[in-house]
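Residue numbers (my numbering), protein chains in the order written: chain A, 10 to 436; chain B, 53 to 233.
Check the hints yourself; a few may be wrong.
[What the hints assert, rightly or not] In silico contact screen, one side only, chain B against chain A (beta carbon under 7 Å); selected entries:
id: 1; residue: Leu-83
id: 2; residue: Gln-101
id: 3; residue: Ser-110
id: 4; residue: Arg-131
id: 5; residue: Ala-164
id: 6; residue: Leu-166
id: 7; residue: Ser-167
[Stated by the list, open to error] Using 27 Å as the maximum straight-line C-alpha spacing, the simulated DSSO-like pairs for lysine-lysine come out as follows:
id: 8; chain 1: A; residue 1: Lys-21; chain 2: B; residue 2: Lys-77
id: 9; chain 1: A; residue 1: Lys-30; chain 2: B; residue 2: Lys-121
id: 10; chain 1: A; residue 1: Lys-30; chain 2: B; residue 2: Lys-77
id: 11; chain 1: A; residue 1: Lys-38; chain 2: B; residue 2: Lys-121
id: 12; chain 1: A; residue 1: Lys-327; chain 2: A; residue 2: Lys-293
id: 13; chain 1: B; residue 1: Lys-121; chain 2: A; residue 2: Lys-21
id: 14; chain 1: A; residue 1: Lys-327; chain 2: A; residue 2: Lys-403
id: 15; chain 1: B; residue 1: Lys-222; chain 2: A; residue 2: Lys-17
id: 16; chain 1: A; residue 1: Lys-17; chain 2: B; residue 2: Lys-121
id: 17; chain 1: B; residue 1: Lys-121; chain 2: A; residue 2: Lys-259
id: 18; chain 1: A; residue 1: Lys-17; chain 2: B; residue 2: Lys-122
id: 19; chain 1: B; residue 1: Lys-122; chain 2: A; residue 2: Lys-21
[Unchecked claim] To be clear about the criterion: a stretch of chain B counts as covered by chain A if any three or more of its residues have a C-beta under 8 Å from a C-beta of chain A, and this derived list gives those stretches:
id: 20; region: 62-75
id: 21; region: 121-127
id: 22; region: 191-204
id: 23; region: 214-227
None of these hints come from the bench; they were simulated from the model. Keep in mind that this is a model prediction, so the values were computed, not measured. We put the beta carbon where it would ideally sit given N, CA and C, even for glycine.
These are the residues of each chain, in order.
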Amino acid sequence: MKSADEIKKFFKSAAIDTNPKMDEAVLNKVLIANEKTTNPKSGAIEPNIRKIIMKSPITKVAAAAVIVVAVLIAMNQLGGSAGSVAWGEVVRNIEASPGFIFRLRQTYIREETGTIELYMMVYGSAQYGVRQDGYNDGDVTVQIYAPLSDGAMTAVDHRNRTYSRMALPDDARAEIESMDPKVAIREFLSSEYTKLGRKTIEGVETEGIEIDREPSEAKANFQVDSCIIQLWVSVDTGLPVLIEVETVGKNGTLEVHTIQDNFQWDVELDASEFKPNIPEDYTKMDVEIDADGKGAITPDEDEVTDVEQTRSDREEMKDLSQQGKKELLNVVETMTDGTLRLRTHLYKYELSDGRTMKMGEYAGGDFALDKAQWDELNRVSKAGPGEYLGTYEKTVEGRVFLFKRERYSLSDGTEVIESVGTLKEDQ
Amino acid sequence: MVEDGLLIWKFKLGNRDALRRLYEKYKNDLLKLAVSLVNDVNAAEDVVQDVFVNFAQSADKIQLCGNLKKYLITCVANRIRNRKRDQQRHETLGIDDLDCAISDVNRPEQWAILSEELALLSNAMTQIPYEQREVVTLYMQGDMTFRQIAKIQNASINTVQGRYRYGLNKLRSILNSEIDQ
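This is chain A alone, in the form it adopts within the complex (with noise of 0.2 Å):
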């Protein structure tokens, strides 16, 4: 055994199996982990649907239109034409429904860029248009306000405290009239369709359908190889209780899967709840959607927006800090094995308007954790102190900081020290 290639093959042949009795007592315990953790079913995890909460990070404007384009590819999804005598009274009850409230979940895995997460709730009037609700952890952390009435769609980003106005292109704003699940649910079931026959879901009775569409008839924005789509409706009121659809495409490499559950109809919903509502302190952003979905600023016509001033109050801010004319309020050191991940500086600065600003400063560290480790870093100090580890004094830049220790672990086994200092005069 001399080369590499050769040890490699032996480490690749070492084979090991398992006994299956010890097996299934294994994945028994995992299952039984599983099984406690597991979150409350459906509804339950919902917050109030009505209640913006504005204290949560969320995603960003740009994805308010991934969103929205998740939701236009997920509802039309269910195109065709004709009714069906089976299920027509199915569509008579829909049709009667002068509103809808459904939830919907989807998530894109593509092997190249990892995979988008969606939930989001959905309110539709045929009479005022369509509001989506997007969450994370619970929080609504974006709305996107599609009101029939007018021609732009209006993205709320609770996260970074913005909201963004978008034009619709012509198409995309014919797709929101087109939204309607009575319309779109009705083309489906005229489609050809193979029984699925009963099954219960969450305690309701349903009778389903499943449609193998042809990737031609297909309508998303990427090549689609196939796309399979099941609706359950339920036996006691006629009514849609899931839509499961499931399409994959770009040769394999993209599959897209989208649930839509938790349906209520006949809701008559106010045209209060198409109104944006945002909050008098979110900056307005200027945003474009680019044929990728993707936002990017833009200024206004008169070329002083709000994110120029963000702009301009940041460079005031860089000069500043070169002449010295800042003052150190906290810093806040990240390490794992005892080696600095990351040391960052906050700062407040008085500008030149009077105004007084804050403003996070790199100050060292290798950086090495990987996005997901800081997103979970992020997520889990947020959530609640770590572990207790006790404080020290150091002096940083001539001031005397206390700095308190704590620990987090991550799900992957590496443990996070992180050590917050603040002044000791101010304590």
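Given chain A's structure and the hints, the job is docking chain B onto it.
For chain B alone, kept in the frame of chain A given last:
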């Protein structure tokens, strides 16, 4: 990758069958890796079980992007490192003193059943320093890159490549002498 993404997505939605399939798919790879790293079947089984239990409890934290196999391998490697560190704190032994020889006697409740080749390999691995062993195992068996291993070991890529060379040479020599006997 796409298949894993779908399984994780279903798992995050509470689908137990998806979790079962992920378990079936990766348990042998993880056990083999753990046995190579610790040369103690009991400890390897404990680590892999802990990794799966922790994974099962982390549906809300697991990211859909990235490579699941490498994520789980990293979890195994980190757990073994943490375990060794904890043992060192209590026993004041060196990191390489913590392995014990694989028992020839299979316990009735033993989960992992090792082939002769794996037992031979695992025993040979105990004779090289842990850091080198980790690099060789993660590279050869876990298909990880030197950059990824460098991150786990908190070392430079050059250091990791050096450990790989030394470890591989030593392993080659041990295996050749074992096979000759």
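Hint by hint, here is what the structure shows:
1. Leu-83: Hint on Leu-83(B): holds, closest Cβ of chain A at ~6 Å, below 7 Å.
2. Gln-101: With a closest approach of 5 Å, the Gln-101(B) hint holds.
3. Ser-110: At 4 Å from the nearest chain A Cβ, Ser-110(B) passes the 7 Å test, so the hint holds.
4. Arg-131: Hint on Arg-131(B): holds, closest Cβ of chain A at ~5 Å, below 7 Å.
5. Ala-164: 6 Å, holds
6. Leu-166: Holds, because the Cβ-Cβ distance from Leu-166(B) to chain A comes to roughly 6 Å (cut-off 7 Å).
7. Ser-167: Hint holds; Ser-167(B) Cβ to chain A Cβ min 4 Å, cut 7 Å.
8. Lys-21(A) x Lys-77(B): Measuring from Cα to Cα gives roughly 16 Å; hence the hint holds.
9. Lys-30(A) x Lys-121(B): 24 Å, holds
10. Lys-30(A) x Lys-77(B): 17 Å, holds
11. Lys-38(A) x Lys-121(B): 21 Å, holds
12. Lys-327(A) x Lys-293(A): 23 Å, holds
13. Lys-121(B) x Lys-21(A): With Cα atoms ~16 Å apart, Lys-121(B) and Lys-21(A) stay inside 27 Å; holds.
14. Lys-327(A) x Lys-403(A): 26 Å, holds
15. Lys-222(B) x Lys-17(A): 14 Å, holds
16. Lys-17(A) x Lys-121(B): Status holds; Cα separation ~18 Å.
17. Lys-121(B) x Lys-259(A): Between Lys-121(B) and Lys-259(A) the Cα gap is close to 24 Å, so the pair holds against 27 Å.
18. Lys-17(A) x Lys-122(B): 18 Å, holds
19. Lys-122(B) x Lys-21(A): Holds, at roughly 16 Å.
20. 62-75: It holds, with 7 qualifying residues against the three required.
21. 121-127: holds (count 3)
22. 191-204: holds (count 3)
23. 214-227: This one holds; 4 residues, not fewer than the three required, reach chain A with a Cβ under 8 Å.
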